[in-house]
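There are 2 protein chains.
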Amino acid sequence: MSSFSFTIEAECPNTGARAGTIQTPHGTIQTPIFMPVGTQATVKSVSPEELHQAGTQILLANTYHLMLRPGSAVIDSFGGLHSFMHWDGPILTDSGGFQVWSLASMRTLNEDGVTFKSHLDGSQHILTPEHVMQIEAELGADIILPLDICAPHPCTPEYAKQAMEQTHRWEERALVAKERYRPEQTLFGIVQGAFEPELRCESARVIGNMPFQGLSIGGLSVGEPKAIMWEMLGCVTPELPRNKPRHLLGVGSPEDLVIGAGLGMDMFDCVLPTRVARHGGLFTHAGRVNMKSARYRTIQGPIEEGCDCYTCRNYSAGYVHHLLRTQELLYERLGSIHNIRFMLRLAAEIRAAIIAGNYPAFRDDFLARYIPASEKVREEQREKWKLARKTI
Amino acid sequence: MSSFSFTIEAECPNTGARAGTIQTPHGTIQTPIFMPVGTQATVKSVSPEELHQAGTQILLANTYHLMLRPGSAVIDSFGGLHSFMHWDGPILTDSGGFQVWSLASMRTLNEDGVTFKSHLDGSQHILTPEHVMQIEAELGADIILPLDICAPHPCTPEYAKQAMEQTHRWEERALVAKERYRPEQTLFGIVQGAFEPELRCESARVIGNMPFQGLSIGGLSVGEPKAIMWEMLGCVTPELPRNKPRHLLGVGSPEDLVIGAGLGMDMFDCVLPTRVARHGGLFTHAGRVNMKSARYRTIQGPIEEGCDCYTCRNYSAGYVHHLLRTQELLYERLGSIHNIRFMLRLAAEIRAAIIAGNYPAFRDDFLARYIPASEKVREEQREKWKLARKTI
Chain A
15 MSSFSFTIEA ECPNTGARAG TIQTPHGTIQ TPIFMPVGTQ ATVKSVSPEE
65 LHQAGTQILL ANTYHLMLRP GSAVIDSFGG LHSFMHWDGP ILTDSGGFQV
115 WSLASMRTLN EDGVTFKSHL DGSQHILTPE HVMQIEAELG ADIILPLDIC
165 APHPCTPEYA KQAMEQTHRW EERALVAKER YRPEQTLFGI VQGAFEPELR
215 CESARVIGNM PFQGLSIGGL SVGEPKAIMW EMLGCVTPEL PRNKPRHLLG
265 VGSPEDLVIG AGLGMDMFDC VLPTRVARHG GLFTHAGRVN MKSARYRTIQ
315 GPIEEGCDCY TCRNYSAGYV HHLLRTQELL YERLGSIHNI RFMLRLAAEI
365 RAAIIAGNYP AFRDDFLARY IPASEKVREE QREKWKLARK TI
Chain B
15 MSSFSFTIEA ECPNTGARAG TIQTPHGTIQ TPIFMPVGTQ ATVKSVSPEE
65 LHQAGTQILL ANTYHLMLRP GSAVIDSFGG LHSFMHWDGP ILTDSGGFQV
115 WSLASMRTLN EDGVTFKSHL DGSQHILTPE HVMQIEAELG ADIILPLDIC
165 APHPCTPEYA KQAMEQTHRW EERALVAKER YRPEQTLFGI VQGAFEPELR
215 CESARVIGNM PFQGLSIGGL SVGEPKAIMW EMLGCVTPEL PRNKPRHLLG
265 VGSPEDLVIG AGLGMDMFDC VLPTRVARHG GLFTHAGRVN MKSARYRTIQ
315 GPIEEGCDCY TCRNYSAGYV HHLLRTQELL YERLGSIHNI RFMLRLAAEI
365 RAAIIAGNYP AFRDDFLARY IPASEKVREE QREKWKLARK TI
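These protein sequence lines are chains A and B, in that order. This note's numbering puts the first sequence at residues 15 to 406. This note's numbering puts the second sequence at residues 15 to 406.
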């Protein structure tokens with residue numbers, strides 16, 4: 015039924031890293047891969063042609079946002095997301111679950127599903143595992159995810175267990191429901207279990223044994239320290255079947271990509287690279303730099319020497335700085351393109367290192383040079399963004 | 015010294031319209047032409063490649079904004095505007111005079127020049143005719159304009175006369191000063207005279223007889239009814255030398271381009287097409303449409319059937335509407351590209367009609383189909399933009 019497949023070309027003998035190829039109806043994805051996020055059927059400020067040029071192989075779009083605006087039935091009437099947004103490559107849609115928990119207000123949960131009020135206009139909506147399959151069928155992505163419950167950090171072990179078990183029951187329902195709508199879509203399972211190592215192992219075993227074609231690891235990168243995220247992932251990976259692609263939901267930064275690949279992850283998605291770019295934070299191999307800094311005013315060279323992105327090939331750091339300082343719209347685009355290209359070149363470098371058999375050395379070299387944003391800075395940014403979102 | 019030239023290929027026997035070719039160091043311009051405005055060394059949200067693709071032959075940039083940020087010396091250190099902004103075609107810079115009168119606060123005028131406070135940080139600056147030539151030399155545009163005084167609408171005949179005469183004296187000083195800086199730049203003269211037919215005639219004669227290589231008509235489209243603008247232009251054109259290109263400063267809309275060409279104008283510039291685009295107003299041959307309107311939500315066809323712009327070739331009106339409604343940054347780009355392409359295709363159509371000998375019929379057909387925004391709507395928008403500018 016499905017034209018989806020996953021093959022592994024190389025595995026690191028010393029870590030969990032592997033290089034693979036995913037086939038989808040809209041093209042091939044070479045893993046490990048980073049997926050830019052096009053929340054509202056557009057990667058903010060960047061065109062599909064620019065995404066292709068930056069090496070993008072697959073996009074993620076958010077079911078929650080699209081079901082509210084313009085509505086999944088409207089997108090269906092345009093022939094689905096690919097044709098609606100003029101992107102002919104693979105697309106993955108999430109289930110909306112994460113956004114229901116982080117954006118919507120007045121959520122009511124029961125065994126059947128979740129009732130919530132839209133963050134846009136307060137209108138009431140119901141999501142059930144079955145309904146999500148219908149919505150995602152209308153959106154028409156290549157890879158879709160089932161409705162899940164994303165537990166907050168921190169949460170009690172009791173809540174974590176209850177949320178995980180309900181997620182498992184919902185996922186079974188999703189598997190059944192999906193066959194009713196568009197069986198040719200590829201449904202990934204979602205592993206939950208919050209921050210309890212035993213629950214994480216259990217969820218990985220349960221979901222890993224269901225007939226999903228890939229596995230997303232959910233509920234991480236929700237505010238916990240990174241060390242805890244990696245610890246959880248360390249529990250999950252050994253329990254997962256080898257022959258299914260593994261997607262680390264909502265992660266991450268350059269260093270997350272490098273570390274996560276070593277823990278057996280094949281696919282990554284995050285708004286971070288484009289969001290920090292829009293706020294002036296651009297990636298270099300030495301870490302994130304702040305383009306607002308006056309030291310860029312007279313720099314005639316590119317943002318990073320040797321970078322092959324459209325921005326660095328055509329514009330000076332001084333000009334990019336000028337656009338940011340004068341609040342010119344072209345800045346958001348040039349900055350986003352740079353960070354997206356950085357992430358995709360990094361993914362290709364990780365893959366090449368795995369195939370060449372020197373992933374551990376590549377990882378260690380990268381991490382020795384790349385200074386990540388501190389936990390404190392990341393936490394402050396998260397709070398600022400949350401606040402900004404509330405005032406929209 | 016200058017590689018600038020202007021030749022006329024065709025003239026309409028019944029109107030003032032003519033089709034010409036301007037040679038500049040950075041390329042050829044076929045007139046009549048519309049010049050998109052890149053105020054801060056960027057046409058808001060649009061890349062240089064997209065400008066080329068839309069048929070842009072020359073850009074205008076604003077000396078006032080660039081002298082304040084990043085400063086003309088900084089742009090000089092990058093090799094001038096072309097290299098700074100990655101645009102290899104012709105550029106025209108204005109003198110900053112208009113913005114001093116409309117944006118800056120606490121202006122003090124004397125015979126030597128004008129002292130003003132920056133609208134950005136209140137810092138004090140002095141512009142003299144000589145200093146403007148130096149700034150524009152550092153910016154390095156192909157065509158530059160001299161410092162002038164833009165009288166408001168309405169103003170007394172006494173003020174109009176005084177401002178015009180001082181502008182004339184300043185322009186003579188600019189002619190002398192320009193030779194000290196970059197003599198290879200092309201200096202246009204500016205015709206003033208406010209809304210007094212006799213002054214307009216006098217200014218056209220005086221400036222037309224000075225050794226400028228082209229002539230810009232200033233002080234129009236500053237809030238007066240359009241009928242008065244066309245009346246003034248009717249006075250000016252007969253007094254101007256035939257063999258120099260004529261630039262109608264800060265004009266205009268699609269209908270202005272069609273009408274202005276018939277009154278002998280060769281070059282037009284205005285922020286209007288890109289500004290109204292960003293606010294949802296997109297051009298079609300039937301007039302301006304509002305993309306916010308819910309009627310576009312499900313439209314699978316382009317913004318206008320037959321339009322050859324990047325936006326219309328690749329995206330549905332429904333998707334463009336979605337981007338606008340969800341405040342996505344890609345909207346500003348797609349809308350701006352559409353309107354820029356509309357203006358440049360219109361300029362090419364006017365030129366073709368002049369060459370084919372049927373400009374009057376083309377003009378009448380266009381105006382019969384195109385419903386312009388009413389004076390009332392235009393005045394309301396002007397007030398809204400002025401207010402928005404003050405609150406930045």
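One thing to keep in mind: the hints can contain errors.
Claimed, not checked - Sample of chain B residues with no beta-carbon within 12 Å of chain A, all distances over it, derived: (1) T56; (2) F98; (3) L254.
What the hints assert, rightly or not - One-sided and incomplete, this derived list gives chain A residues near chain B with beta-carbon spacing under 7 Å: (4) S17; (5) F18; (6) S19; (7) T21; (8) T35; (9) Q54; (10) T56; (11) K58; (12) S59; (13) R83; (14) P84; (15) F98; (16) D102; (17) Y333; (18) L343; (19) L344.
Calculated directly from the structure, the hints in this document are not laboratory data. C-beta atoms are modelled at their ideal positions from N, C-alpha and C, and glycine is treated no differently.
To see whether the hints hold, each was checked on the structure:
1. T56: Given a closest Cβ separation of 5 Å, the condition is violated.
2. F98: Non-interface label on F98 (chain B) violated, nearest chain A Cβ at 6 Å vs cutoff 12 Å.
3. L254: 36 Å, holds
4. S17: 26 Å, violated
5. F18: 27 Å, violated
6. S19: 30 Å, violated
7. T21: 33 Å, violated
8. T35: With a minimum Cβ separation of about 29 Å from chain B (threshold 7 Å), the hint on T35 (chain A) is violated.
9. Q54: 5 Å, holds
10. T56: OK, holds: T56 (chain A) within 7 Å of chain B, min 5 Å.
11. K58: 5 Å, holds
12. S59: Constraint on S59 (chain A) satisfied, holds at 4 Å.
13. R83: 6 Å, holds
14. P84: For P84 (chain A), the interface hint holds, since the closest Cβ of chain B sits about 5 Å away, which is under 7 Å.
15. F98: 6 Å, holds
16. D102: 11 Å, violated
17. Y333: Holds. Min distance 6 Å.
18. L343: 4 Å, holds
19. L344: Interface hint status for L344 (chain A): holds (5 Å vs cutoff 7 Å).
Hint compliance for this structure: hints 1, 2, 4, 5, 6, 7, 8 and 16 are broken, all remaining hints hold.
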